[in-house]
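Peer 1: Single-letter residue listing:
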Amino acid sequence: MEIKVLQDILSANDAIARKNQSQLDKHGILTINVMSSPGAGKTSLILQTISQLKEKARIAVIEGDVASTIDADKVSKQGVTAVQINTAGGCHLDANMTENALNNLPLEDIDLLLIENVGNLICPAGFALGEHKRVILLSLPEGDDKPYKYPTMFSGADVVLINKIDLLPLLEFDIASFTNAVSGLNPNVKIFQVSCKTGQGLEGWFSWLQEQTKEMKSRHGS
Amino acid sequence: MHELSITQSILSIALEKADAAKANRISQINLVIGELSGIVDDCVEFYFEFLSKDTIAAQASLSFHHPPTRLRCRNCATVFSPDNLDWACPNCHEPKIEIISGRECYIESIEVD
Numbered sequence: 001m002e003i004k005v006l007q008d009i010l011s012a013n014d015a016i017a018r019k020n021q022s023q024l025d026k027h028g029i030l031t032i033n034v035m036s037s038p039g040a041g042k043t044s045l046i047l048q049t050i051s052q053l054k055e056k057a058r059i060a061v062i063e064g065d066v067a068s069t070i071d072a073d074k075v076s077k078q079g080v081t082a083v084q085i086n087t088a089g090g091c092h093l094d095a096n097m098t099e100n101a102l103n104n105l106p107l108e109d110i111d112l113l114l115i116e117n118v119g120n121l122i123c124p125a126g127f128a129l130g131e132h133k134r135v136i137l138l139s140l141p142e143g144d145d146k147p148y149k150y151p152t153m154f155s156g157a158d159v160v161l162i163n164k165i166d167l168l169p170l171l172e173f174d175i176a177s178f179t180n181a182v183s184g185l186n187p188n189v190k191i192f193q194v195s196c197k198t199g200q201g202l203e204g205w206f207s208w209l210q211e212q213t214k215e216m217k218s219r220h221g222s
Numbered sequence: 001m002h003e004l005s006i007t008q009s010i011l012s013i014a015l016e017k018a019d020a021a022k023a024n025r026i027s028q029i030n031l032v033i034g035e036l037s038g039i040v041d042d043c044v045e046f047y048f049e050f051l052s053k054d055t056i057a058a059q060a061s062l063s064f065h066h067p068p069t070r071l072r073c074r075n076c077a078t079v080f081s082p083d084n085l086d087w088a089c090p091n092c093h094e095p096k097i098e099i100i101s102g103r104e105c106y107i108e109s110i111e112v113d
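Residue numbers (my numbering), protein chains in the order written: chain A, 1 to 222; chain B, 1 to 113.
Excised from the complex, chain B in its bound form:
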């Protein structure tokens, strides 16, 4: 359900940037949405089609890049990907970890004419 407000924000940021560049049309929006951010592409696409009607982003395609979850051990600094429900460090087995990637949620760029 939160994809609706997320999509509204995506559209309004994209329109603002396109307007500032005096663009006539937005052809693509490049999004970076980390694996942990809990945002479903299909939902965003669905809302986008509906919300962007009657705007210069109407036919824009959405490109999603999903950085995977990466963790760093705060004990021995090993960087690793978590194994499903085991997030302990594979090197020293400590659960003291820091999420270094996977929570991204931003617009990288837009392509305009």
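With the rest of the complex left out, here is chain A:
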């Protein structure tokens, strides 16, 4: 006998992600899922963001990594709350891991939660965590041909940061072809050209983030 199922394989993850999001909504915490390849600059972006915005918003960080607490240690040194999730070789964070991390955070005292996903442009795209916005970093040395290699990732992003822009004179990276491909796949995406090392171009990212944080607060009034 055949039984029709027609159920999304990731429906269990999606259900937990929705639960996480309603908890975050309740506390008015803007939550950002930061994704990229390994070494594209996720931790540097988070450190820059903390140093620029920590006086203006109460920031917390969930650090996802296959192993070690190196990134969480760097973030803690900046004086913000950080929770480390080690996936023990797993290639992405999922909603369940995020739920456990949320249980270890003082949600009453957070305005902005940055989640650093595991470095990978494939699987994190499929696993919602409960975030409000998805941010992808793509660094120049990775090449401008990535949008069509990882279309699921790029078509689901709210913001794409082209990082290591200070290396542009040294590399053959066609900014126009990259941005056309990303905006072609995803017409509402915001694209910023930045260097998390020199700070170049980060003002746009900071003001977008502040706007979103404010909007979140006003929507959930606290």
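By construction, these hints were calculated from the structure, which means they are not laboratory data. Keep in mind that the hints are not guaranteed to be accurate.
The calculated DSS-like cross-link candidates involving lysine-lysine, where the alpha carbons are at most 25 Å apart (straight line), are [to be verified]:
(1) K133/A <-> K19/A
(2) K190/A <-> K149/A
(3) K133/A <-> K96/B
(4) K53/B <-> K19/A
(5) K190/A <-> K133/A
(6) K4/A <-> K22/B
(7) K190/A <-> K96/B
(8) K53/B <-> K4/A
(9) K77/A <-> K54/A
(10) K190/A <-> K217/A
(11) K53/B <-> K17/B
(12) K149/A <-> K96/B
(13) K19/A <-> K217/A
(14) K17/B <-> K4/A
(15) K190/A <-> K54/A
(16) K214/A <-> K4/A
(17) K214/A <-> K19/A
(18) K4/A <-> K26/A
(19) K96/B <-> K146/A
(20) K133/A <-> K149/A
(21) K53/B <-> K22/B
(22) K56/A <-> K217/A
(23) K56/A <-> K133/A
(24) K133/A <-> K54/A
Computed, partial: chain B to chain A, Cβ under 7 Å [to be verified]:
(25) L36
(26) G38
(27) F64
Simulated restraints on C-beta separations [to be verified]:
(28) A15/A <-> R74/B: 26 to 34 Å
(29) E99/A <-> C43/B: 22 to 30 Å
(30) F50/B <-> L168/A: 21 to 29 Å
(31) S63/B <-> K214/A: 48 to 56 Å
(32) R74/B <-> K197/A: 30 to 38 Å
Glycine residues also receive a C-beta, built at the ideal position from the N, C-alpha and C atoms.
On the provided structure of chain A, position chain B as indicated by the hints.
Peer 2: Showing chain B alone in chain A's frame:
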């Protein structure tokens, strides 16, 4: 590596549906996994054999249907298949496209006794 959690979900959904139908055995699980979903059949098979031991799905075969990637031009509405790394519309050459198929990731049905 994400095939492990994918396979766990497949098994748990299939067992839940079979249980609701009071089935004794699951003989086949029909999966629809789009080309873009990045899921490798062999990995799923491997994990499934391991995870389904001691369940009523133990001997079940997995059938994979892979819908190909299909795109629609947001400029002129032409529907087409992408050519490797060139996703521009073959008709108007605009890169403004929408993915209409290839991201599927669901269980179509199960066959039970």
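Peer 1: Next, verify each hint and record whether it holds.
Peer 2: Each hint tested on the structure:
no.	hint	verdict
1	K133/A <-> K19/A	16 Å, holds
2	K190/A <-> K149/A	20 Å, holds
3	K133/A <-> K96/B	22 Å, holds
4	K53/B <-> K19/A	31 Å, violated
5	K190/A <-> K133/A	11 Å, holds
6	K4/A <-> K22/B	15 Å, holds
7	K190/A <-> K96/B	15 Å, holds
8	K53/B <-> K4/A	23 Å, holds
9	K77/A <-> K54/A	13 Å, holds
10	K190/A <-> K217/A	21 Å, holds
11	K53/B <-> K17/B	18 Å, holds
12	K149/A <-> K96/B	16 Å, holds
13	K19/A <-> K217/A	19 Å, holds
14	K17/B <-> K4/A	9 Å, holds
15	K190/A <-> K54/A	23 Å, holds
16	K214/A <-> K4/A	45 Å, violated
17	K214/A <-> K19/A	22 Å, holds
18	K4/A <-> K26/A	37 Å, violated
19	K96/B <-> K146/A	16 Å, holds
20	K133/A <-> K149/A	22 Å, holds
21	K53/B <-> K22/B	19 Å, holds
22	K56/A <-> K217/A	13 Å, holds
23	K56/A <-> K133/A	20 Å, holds
24	K133/A <-> K54/A	19 Å, holds
25	L36	6 Å, holds
26	G38	5 Å, holds
27	F64	12 Å, violated
28	A15/A <-> R74/B: 26 to 34 Å	31 Å, holds
29	E99/A <-> C43/B: 22 to 30 Å	26 Å, holds
30	F50/B <-> L168/A: 21 to 29 Å	48 Å, violated
31	S63/B <-> K214/A: 48 to 56 Å	50 Å, holds
32	R74/B <-> K197/A: 30 to 38 Å	36 Å, holds
Comparing the model with each earlier hint shows violations of hints 4, 16, 18, 27 and 30; every other hint is respected.
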